[in-house]
Amino acid sequence: MNENTYDVIVIGGGPAGLAAAVSARDAGAGVLLIEREARLGGILKQCIHDGFGLLRFGEKLSGPEYAEREIDELRKRNIPAKTLTFVTKIEKERGRFRVHAVSRDGVAVYETAALVLATGCRERTAKQVFIHGTRPSGIFTAGTAQHFTNLLGELPAKKCVILGSGDIGLIMARRLTLEGAQVLGVYEAKPTPSGLTRNLHQCLYDYDIPLYLSHTVTRVFGADRLEGVEIAEVDENMRPVEGTGRRVDCDALILSVGLIPENELAEGLGVEIDPKTKGPVCDGQCMTSVDGVFSCGNALHVNDLADYVSENAAAAGKAAAEYRRIGRKPARLNASEEFLYLVPQRLDLNRSNAGTTVYFRSRCDYNNARLVLSVDGKEVFSKRYAFLRPPEMERLELNFDALGLTERSDVRFTLELQGGKERAQ
Amino acid sequence: MDLRRINRKLKKQFGGRVSAALQDGCVVVSGALERWTDVVAACQTAAKKYSRTHVVNDIVCAEAVDAPMRLPAVNDDALEGASPDVLIIGGGISGASIARELTRWKLDILLVEKEPDVAMQASGRNDGEVHPGVDLGKGSLKHKYIRRGNHMFDKVCEDLNVEFRRVGQYVCFQDGWLRPVVYLYCLWRKYHDGIEDTELIGGEELRRREPYLDPGTKFAISNPSTGVVCPYGLTIAYAENAVENGAKVSLNTAVLGMELQDSKIVSVCTNRGTVFPRLVINAAGVFSEEIAKMAGDRFFSIHPRRGTNSILDKKAGAYLHSVASVINVKTQLRAHTKGGGVMRTAHGNLLAGPDAVETFEKENTETRPESIRVVFDKQKKTLTALSERDIITYFTGVRAPTFEEDFIIEQGRRTKNLIHCAGIQSPGLTTAPAVALDVAGMAVGLLSKEQAPEPNPQFNPVRRGVPTLRKMSDGERGALIRENPDYGVIVCRCEEVSKGEILDALRAPICVPTVDGVKKRVRPGMGRCQGGFCSPLVTKIIADFLGVPVSDVRKSSAASVITYGQTKGGEGGSAR
Chain A
1 MNENTYDVIV
11 IGGGPAGLAA
21 AVSARDAGAG
31 VLLIEREARL
41 GGILKQCIHD
51 GFGLLRFGEK
61 LSGPEYAERE
71 IDELRKRNIP
81 AKTLTFVTKI
91 EKERGRFRVH
101 AVSRDGVAVY
111 ETAALVLATG
121 CRERTAKQVF
131 IHGTRPSGIF
141 TAGTAQHFTN
151 LLGELPAKKC
161 VILGSGDIGL
171 IMARRLTLEG
181 AQVLGVYEAK
191 PTPSGLTRNL
201 HQCLYDYDIP
211 LYLSHTVTRV
221 FGADRLEGVE
231 IAEVDENMRP
241 VEGTGRRVDC
251 DALILSVGLI
261 PENELAEGLG
271 VEIDPKTKGP
281 VCDGQCMTSV
291 DGVFSCGNAL
301 HVNDLADYVS
311 ENAAAAGKAA
321 AEYRRIGRKP
331 ARLNASEEFL
341 YLVPQRLDLN
351 RSNAGTTVYF
361 RSRCDYNNAR
371 LVLSVDGKEV
381 FSKRYAFLRP
391 PEMERLELNF
401 DALGLTERSD
411 VRFTLELQGG
421 KERAQ
Chain B
426 MDLRRINRKL
436 KKQFGGRVSA
446 ALQDGCVVVS
456 GALERWTDVV
466 AACQTAAKKY
476 SRTHVVNDIV
486 CAEAVDAPMR
496 LPAVNDDALE
506 GASPDVLIIG
516 GGISGASIAR
526 ELTRWKLDIL
536 LVEKEPDVAM
546 QASGRNDGEV
556 HPGVDLGKGS
566 LKHKYIRRGN
576 HMFDKVCEDL
586 NVEFRRVGQY
596 VCFQDGWLRP
606 VVYLYCLWRK
616 YHDGIEDTEL
626 IGGEELRRRE
636 PYLDPGTKFA
646 ISNPSTGVVC
656 PYGLTIAYAE
666 NAVENGAKVS
676 LNTAVLGMEL
686 QDSKIVSVCT
696 NRGTVFPRLV
706 INAAGVFSEE
716 IAKMAGDRFF
726 SIHPRRGTNS
736 ILDKKAGAYL
746 HSVASVINVK
756 TQLRAHTKGG
766 GVMRTAHGNL
776 LAGPDAVETF
786 EKENTETRPE
796 SIRVVFDKQK
806 KTLTALSERD
816 IITYFTGVRA
826 PTFEEDFIIE
836 QGRRTKNLIH
846 CAGIQSPGLT
856 TAPAVALDVA
866 GMAVGLLSKE
876 QAPEPNPQFN
886 PVRRGVPTLR
896 KMSDGERGAL
906 IRENPDYGVI
916 VCRCEEVSKG
926 EILDALRAPI
936 CVPTVDGVKK
946 RVRPGMGRCQ
956 GGFCSPLVTK
966 IIADFLGVPV
976 SDVRKSSAAS
986 VITYGQTKGG
996 EGGSAR
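In order, the protein sequence lines correspond to chains A and B. Just so we're aligned: 27 in my numbering is position 27 of the first sequence, and the numbers increase by one with no gaps anywhere. Just so we're aligned: 1000 in my numbering is position 575 of the second sequence, and the numbers increase by one with no gaps anywhere.
Just so you know, the hints here were simulated from the structure itself, not pulled from any lab data. For each residue, glycine too, the CB sits at the ideal point set by N, CA and C. A portion of the hints provided could be inaccurate.
[To be verified] Listed below are several chain A residues computed to face chain B (Cβ distance under 8 Å; list not exhaustive):
{"no.": "1", "residue": "H100"}
{"no.": "2", "residue": "E123"}
{"no.": "3", "residue": "T125"}
{"no.": "4", "residue": "H147"}
{"no.": "5", "residue": "F148"}
{"no.": "6", "residue": "Q418"}
Build out the structure end to end from the sequences listed, making use of the hints.
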């Protein structure tokens, strides 16, 4: 065997990649991890707030501490990790993958039987939410502002407006306040907050930072540095209502308006993408539509907690290590309109689905909902939820093997709403 | 020039509030109107398309009070007392290409640009189409230069190390009955205008070449000589090559006034000192009328026209290989642009636009939602797959047309040591290489009256430029990384830009050590994440290169502060 040949190559050294590499190694595979940044840990490196690890480690850790624990596991197993190494292309050849990567050492080609794509996600930007006006400095995505503040120790704002109540936006509202900046408010186009309830309390309410729902930023002002933003109310379709615009003077606009799974490498391999998750369509083993290509973490779908990312990635890593080329026998998992999405989107009946974790989000806020799993119209499982909120991802462990599924089975998840659709505040 | 007829028309339109008079060979329109659109309409009434007798707009318009020209923050005497042979005002494609062509002679050339970089206005804010030369009236300067300019692109771009591709253009028609008429039009273009390669192709052939174009397209005019180039990339390349050959480029330098004596410019006052040039070239874009006025040679007027383009994700670039637009017979005939189109840019993105909106604001490049809506509503008829969801960014530029809608490329009419390269709008990018040769020739001719310049024996037309590693084979790339390991450190993931390329851009003949300056040269931040990941890294690389704190690095202008200093410890710790 060539020294550049592996059983599993994991691309991405954030929480997903680290967990995938460790579990693949534990399942007996020869593993290589490739990370484009200089240090492992991914975005956790800049998440210096706590709240990580409650599920995985049973204690509250900061992002860097959480990452350190995962990196320690990698080191214990002597899993090779190439940092500052960037994958430029992947070729598929006779059922194997040739991964081309550049680093300070030049261009290398690594070969593997199975690939785990743990490439994370990126942030939606100002113009991707159609903010118009000038092009001044002072407009940052929350993650960029976090990078400046936490990794470079540089203050990016003195008096700012935050658009979007996603978790990073809420975290940055608190972070910038602690650094002495004034946060004028968090504006959210949706009628409900996008972040976790705990973050609303710990990051906004505790600091008296106002949250304005059904409002958005439509325009920015300032020729050099940002001087102000125009804020408008939005209608039920989230379109700005004419005549409601007003100017708020500020020197920074921080955006937390959505995360998009990064799947350029996956798409290059011809992996089918789910328009709902914007991540690959996968089965219970996290295998995508392309044999031998696995996806996990935020590249698969955007998670709320790093703990879920690690859990899901560990499953993907193990499955990648155990991957053998056998035919697939797919069964679709259908989800009704009330679901924003459900992952995995299908099962491979040629493999065990005895302990499959299903992740889902509801489309709206629901109170008193009953989740029903039916096979060919017959209810086989149900669970009650006092409330379901889109920002809070739910997970279920199900034994699909007990259901006697075939490729023709109509497997369907529905949400029965007793209390009707309700808007929570 | 039938002045009586013009005044009759003006009276009918505006009830005697404006009138036209012939003064010093120009049609001066004066009076008072409330709305800028009326001002434009009145001057258009007085103007004859492509005429050399220009309309000068002296109408007072209460609505149209433009903000004063934005001036650089710097005030020093860096240029005080300089006496260049040629002073070029304006660092757009015109000024930069003229500077480069002039370096073929042993001349002291100074180019001044008021912005912190070259290609900051129209030259950096257009779609980058290299036009084939259709729909231009014979006898116009646009027509005179366009075929020559188009032909020159292969060589110029090869020399200047700028990517250029002849991708072809399709003008699509959805009304089959128009085919015989358009066929005759094509023949006319071909034999009368010398556009040798224009031809008509059927819907089936079109869809074979471009499968995503609207299936309702019955036939199309194909213009294979149409190309795409990065417009600011070409401007920067011209300017850099000019500097490599001895020209001086002074950024953040605005012309504030001129002193004249005996119909000659004696001195030019700038925010960086007074300059004493032998010859001045006016390539000031939307401000070329102001420069002409300063030089005592105002014989034309500029009416700014804004246009907005949207850049879409490179994934959407797969929908199209060429430049395409759909013709709507009803609305087309009156418009001053072909109404935008869709194209795959030189960098592989899909681009949609531009629109065309009259404005009195020369420097207002704010984007507006309606511009994007208009373009997308129209262009979805060209390319069905076009979607706003794929937009990654958009930008507005302001064109600088005269009311005659033609270029002004001539010596001063009253002022002797002045050459105008004004009224440059579409297809000004295409014509630039040819226009630059002529303007340089004109300049040499004028200077020769005193003393003929000698050819510059050291002139090297080839610009080295920065290597683009993502386009190389593994072998080539590996070899370069062995020479310089920084080429192996990817900073911008979307556009695959290495630290080595960024440092090369900073060490280039014209160093613009800002986030935007680096972005325009080697593209970090141009991709789908729009700098979300790389902008802190690029900022840090620039800071390290300059040996300054991160907070000293700017996005673009001196006041475009990115960060305010260290949050803890260090100086500026208490940042408030």
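Query raised in the report: For the hint on A/H147, does the least C-beta distance to chain B fall short of 8 Å?
Result: A/H147 check passes; min Cβ-Cβ to chain B is 4 Å, inside 8 Å.
Requested in this report: Hold the hint about A/Q418 up to the distance rule: shortest CB distance to chain B must be less than 8 Å.
Outcome: 35 Å, violated
**Report entry** When the least beta-carbon distance from A/T125 to chain B is tested against 8 Å, hint result
**Finding:** 4 Å, holds
Report task. Using Cβ atoms only, decide whether A/H100 comes closer than 8 Å to chain B, and label the hint accordingly. Result -> 6 Å, holds
Report task. Using Cβ atoms only, decide whether A/F148 comes closer than 8 Å to chain B, and label the hint accordingly. Result -> The hint holds - A/F148 has a Cβ within 8 Å of chain B, the shortest such distance being about 5 Å.
Query raised in the report: Is the interface hint for A/E123 satisfied, with its Cβ closer than 8 Å to some Cβ of chain B?
Result: It holds, given that the least Cβ distance between A/E123 and chain B is near 5 Å, below 8 Å.
Going down the numbered hints, you'll see the structure goes against just number 6.
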